[in-house]
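Q: Here are the chains, one letter per residue:
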Amino acid sequence: MVIRDRTATADDGIQGAVPRLVLEPGTVEEAVGAMARCAADRLAVAFVGGGTMLGLGARPARLDAVIRTGALSRLVDHAPADQVVTAEAGMTLAALNEALALHRQRLPLDVPFSSRATVGGVVAANTFGPRRTRFGGARDLVLGVSLVRADGTPARGGGKVVKNVAGFDLPRLLVGSLGTLALLTTVTFRVHPLPETEVTLLFPGLTPEQVRALASAWRAAQLEPSSAVAVFASDRLDLGVRFEGFATGVADQSARLLELARKSGRAGEQLDADGAAAFWRRHDAVRERGSLRVKIASTPSHLGDLARSWLPSLLGELSPSGAVIYPTLGIAFASGEPASPAGLAAGLRDARQAVGAAGGSLVLEGAPAVIRPVLDPWGPPPPSIDLMRALKQRFDPDRRLAPGRFVGGI
Amino acid sequence: MSGRASVTELAGRLSAVVGARNCYTSASELLTYECDGLTHGRTRPDVVVLPGSTEEVAEVVRLARAAGRPIVPRGSGTGLSGGARPVPGSVVVALSRMRRILEVNLEDGWIRVEPGVINLDVTRHVSAAGYYYAPDPSSQSICSIGGNVAFNSGGAHCLKYGFTVNHVLGARVVLHDGRVVDIGGPALDTPGHDLLAALVGSEGMVGIVTEVTLRLLRKPEATRTFFATFPSTDEGGEAVSRIIAAGILPAAIEMMDRLAIVAAKAATGLDWPDVGAALLMDADGPTAEVEDLSARAVQIARDAGALELRLPRNEAERQLMWKGRKSAFAAVGRISPNYMVEDGVIPRSEIAPVLREIESMAKEQGLRVANVFHAGDGNLHPLVLYDAREQGQEERAEQLGGDILRMCVRRGGSITGEHGVGSEKAAYMADMFGPDDLETMKWVRAAFDPDGCFNPGKVFPSSRLCGEKPGPGGVEHPAVRSGEVQRW
Ligand SMILES: Cc1cc2nc3c(=O)[nH]c(=O)nc-3n(C[C@H](O)[C@H](O)[C@H](O)COP(=O)(O)OP(=O)(O)OC[C@H]3O[C@@H](n4cnc5c(N)ncnc54)[C@H](O)[C@@H]3O)c2cc1C
Chain A
1234 MVIRDRTATA DDGIQGAVPR LVLEPGTVEE AVGAMARCAA DRLAVAFVGG
1284 GTMLGLGARP ARLDAVIRTG ALSRLVDHAP ADQVVTAEAG MTLAALNEAL
1334 ALHRQRLPLD VPFSSRATVG GVVAANTFGP RRTRFGGARD LVLGVSLVRA
1384 DGTPARGGGK VVKNVAGFDL PRLLVGSLGT LALLTTVTFR VHPLPETEVT
1434 LLFPGLTPEQ VRALASAWRA AQLEPSSAVA VFASDRLDLG VRFEGFATGV
1484 ADQSARLLEL ARKSGRAGEQ LDADGAAAFW RRHDAVRERG SLRVKIASTP
1534 SHLGDLARSW LPSLLGELSP SGAVIYPTLG IAFASGEPAS PAGLAAGLRD
1584 ARQAVGAAGG SLVLEGAPAV IRPVLDPWGP PPPSIDLMRA LKQRFDPDRR
1634 LAPGRFVGGI
Chain B
19 MSGRASVTEL AGRLSAVVGA RNCYTSASEL LTYECDGLTH GRTRPDVVVL
69 PGSTEEVAEV VRLARAAGRP IVPRGSGTGL SGGARPVPGS VVVALSRMRR
119 ILEVNLEDGW IRVEPGVINL DVTRHVSAAG YYYAPDPSSQ SICSIGGNVA
169 FNSGGAHCLK YGFTVNHVLG ARVVLHDGRV VDIGGPALDT PGHDLLAALV
219 GSEGMVGIVT EVTLRLLRKP EATRTFFATF PSTDEGGEAV SRIIAAGILP
269 AAIEMMDRLA IVAAKAATGL DWPDVGAALL MDADGPTAEV EDLSARAVQI
319 ARDAGALELR LPRNEAERQL MWKGRKSAFA AVGRISPNYM VEDGVIPRSE
369 IAPVLREIES MAKEQGLRVA NVFHAGDGNL HPLVLYDARE QGQEERAEQL
419 GGDILRMCVR RGGSITGEHG VGSEKAAYMA DMFGPDDLET MKWVRAAFDP
469 DGCFNPGKVF PSSRLCGEKP GPGGVEHPAV RSGEVQRW
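If you're matching them up, the sequences are chains A and B in order.
For what it's worth, the numbering used here labels the leading residue of the first sequence as 1234, then goes sequentially.
For what it's worth, the numbering used here labels the leading residue of the second sequence as 19, then goes sequentially.
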């Protein structure tokens, strides 16, 4: 077995940490070989898929090698009748969804940069999009994984059926672990049918209170949108709500939501295909652009704080700037270019303090080099940090997997 | 054993923490705690304590550990895989006194409860406001949230709504050294490793859960149900496949075979016809959507060869249909002196061939198997019928049950879809996972509980504990016997 390797260039770096060696396994067996080599040579190693989320987390404390998973891009198995798919870790979400679409199915993880983001990367970084509202995130869709441990040993967890409670839940444990516990080589997901139709409604120019009231109203009316996103437009919010499914149900739910809004004096409209695409592009731009990218996780009842206080304190320091809120999840994303680094660092600190006091978190998904040294990308570690350290100690006792990149310096 | 405090000494110290009334050591008091819902495997613990708060649990753990005792957490004791079965010399920590509902936040959709709270009481608490807790094991009127968390329990409706793991937002846990740790919380995506994923489904082996924050859902606007009969499970299985292939996600879709239908009829007096298979499907969601889905599914069932289709005219009729379905399990007691229940999973597209294979495997052993199962997610509950009075039947039933589980693994499935591994299925873990897979899982456990003091001997295959005889039994869980719940 010859694993492709080469000398690294600056492009192979993670936040400026450049490895000596790049390994590019083309099969799962080669990935095992690559990990074994890193173990034998005691190399500090990080994993790169599409490279779309390398701004998440801190700069690696040490980095000898990078394993790029891009050549691990096969669809291993798709059982349409079982709605289960297994893909190699380096397959892009776009390629996976193209293959699934042939059978009128999809993996409803509508992540940013889906043409580059890989299956393994999305799981490791726990990336998601607006459809999390209805379908959940990676942890709600993953069924099984194969992985390679720090010691070079391949292992599996979970299974290939939608229901399975045998053993400790390695697949979900790896969701969001950012390459600190093991290399993912294949992932098995539950997939969903492609909807017959989808409709986006736009309610422009709302106050945070109006967004909150409308969300309460549709919940009271038992409507079930698949996405809800409020895009910041100067001091107002443009709320987009998407329904998906069979045409009858979608038409009925859309009409009912428009009526609910009308009754409370809010104007809304059903966007045509172009209008809907344009709205979702506005959302995507916030998620994908900017040297600074921030995620705030709180709860839906803090929408007012998010929109009136936490986000504005950041957006004031960015130009251009943008923000979106997923009101039913209590999550927001902001992005842009810093006007003054010092002001931005202070703004981030203030926002983080306030979010934390309300039980939430503020995490950097991307930051210019000037911000990095003055702000921990994760914020204060959660009270369970000791357990995370213990976990890391078991999985990677020599601290060779993405050392220093994770929460609390893990 | 040297170095170990005597039972009396230890009980004295524990009583000082939880109160003498909540600390048991006499044989008659311990009897209830010798087993869980799997009543044939019994081991007497040395002490049972019922703490009333997180602080008491932490103190109990410290004392038990200092005394060198294994600790076995316990909820309602309804588990069906021997998960709460004590080990010799153990201290059982029963959470049944910790039944407070601590906090509710409907706008953010969560509720914080103590672990002894009964599953159904969560829904009852928020039902008037139009909310509910989705995971609905059939034991929901008696099983505890702590047990659900430990076993990642599911129910008929987890096809659409997921299992316990999809509905736990946070937990407070007492660790092996008495430390109390909070994991997660109402806000999503706590930075760091997903420790909730490690906790949920860990079968009491990582610590004692003393508070849980659960997700609450708004009730669906409408539910539509239909019951369809088929000449055989071939057509029934085909109907399920076609419904799913049409892009319909039922809230629940359940199937029974001939023997299970016969038993259910005998138990409930329902006027179900004598047919080879029956399907019961729920669709739920906004009214217009559900009526559309349900009509499509009914048409598909017809096209797949349904003999008869029944739509309930009102909620009472609907409940009756579900009662028939849910009673099928206990009802087999009417057609066989003894039975054991298995809990395997297969890819759902293979239902028909798998059922045929089970039938021929049963024939080989000279036994009968009734099948009642969650067809939508391929979770089979084969009920192996036997007569313990007949020489050798029990052993053959046990053999058959094991062969069925191994067949599930061969077909790419699992040895358990909802009942957990416990002590009963630990031996089969090696059929599903290799040594390295199991070792990796052990690392997770060891990160929480390095000395393995919580619930030793579960999940991971090992040599049997001394004096134990694994195997099936004909004894019902008391709650099933009394008719309080249907086993399912
Ligand atoms: C009639 C019947 C029907 C059933 N139907 C279903 C079903 O539809 N779906 C399903 O999934 N299961 C079902 N079960 C199985 C059982 O009810 C579930 O596994 C349930 O979750 C067990 O809850 P319990 O409170 O009885 O837990 P126990 O049986 O007391 O304990 C189960 C496990 O949890 C651990 N544990 C309990 N509390 C804690 C705690 N606070 N902290 C840490 N560990 C803890 C125990 O050590 C043990 O390993 C059924 C059982 C019966 C008897």
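Everything labelled a hint here was simulated from the structure, so no lab data went into it.
Where a beta carbon is used, it is the ideal one built from N, C-alpha and C, also for glycine.
Any given hint could turn out to be false.
The calculated lysine to any residue pairs, modelled on SDA-like cross-linking and capped at a C-alpha distance of 25 Å, are [said to hold, decoys possible]:
no. : chain 1 : residue 1 : chain 2 : residue 2
1   : A       : LYS1528   : B       : ASP126
2   : B       : LYS178    : A       : GLY1641
3   : B       : LYS178    : A       : ASP1583
4   : B       : LYS178    : A       : LYS1528
5   : A       : LYS1496   : A       : ARG1445
6   : B       : LYS460    : A       : LYS1496
7   : B       : LYS237    : B       : ASP126
8   : A       : LYS1528   : A       : ASP1485
9   : B       : LYS381    : B       : GLU413
10  : A       : LYS1496   : B       : ALA147
11  : B       : LYS460    : A       : ALA1623
12  : B       : LYS237    : A       : ARG1452
13  : A       : LYS1528   : B       : ARG233
14  : B       : LYS178    : A       : GLU1570
Stretches of chain B that chain A covers, calculated by requiring three or more beta carbons in the stretch to come under 8 Å of a beta carbon on chain A [said to hold, decoys possible]:
no. : segment
15  : 63–76
16  : 337–348
Q: All hints are to be evaluated individually against the structure, with a verdict given for each.
A: Hint-by-hint comparison with the structure:
1. A/LYS1528 with B/ASP126: At roughly 19 Å apart (the allowed maximum being 25 Å), B/ASP126 and A/LYS1528 satisfy the hint.
2. B/LYS178 with A/GLY1641: Not OK: B/LYS178 and A/GLY1641 at ~36 Å, beyond 25 Å, violated.
3. B/LYS178 with A/ASP1583: The hint is violated at about 41 Å.
4. B/LYS178 with A/LYS1528: violated, 29 Å
5. A/LYS1496 with A/ARG1445: Distance ~15 Å between A/LYS1496 and A/ARG1445 Cα, so the pair holds.
6. B/LYS460 with A/LYS1496: Violated, at about 57 Å.
7. B/LYS237 with B/ASP126: holds, 15 Å
8. A/LYS1528 with A/ASP1485: Violated - the C-alpha atoms of A/ASP1485 and A/LYS1528 are around 34 Å apart, more than 25 Å.
9. B/LYS381 with B/GLU413: holds, 15 Å
10. A/LYS1496 with B/ALA147: holds, 23 Å
11. B/LYS460 with A/ALA1623: The hint holds at about 13 Å.
12. B/LYS237 with A/ARG1452: Since the Cα atoms of B/LYS237 and A/ARG1452 sit roughly 9 Å apart, the hinted pair holds (cutoff 25 Å).
13. A/LYS1528 with B/ARG233: Measuring from Cα to Cα gives roughly 22 Å; hence the hint holds.
14. B/LYS178 with A/GLU1570: Since the Cα atoms of B/LYS178 and A/GLU1570 sit roughly 42 Å apart, the hinted pair is violated (cutoff 25 Å).
15. 63–76: violated (count 0)
16. 337–348: This one is violated; 0 residues, fewer than the three required, reach chain A with a Cβ under 8 Å.
Of the numbered hints stated above, those contradicted by the structure are hints 2, 3, 4, 6, 8, 14, 15 and 16, listed in ascending order.
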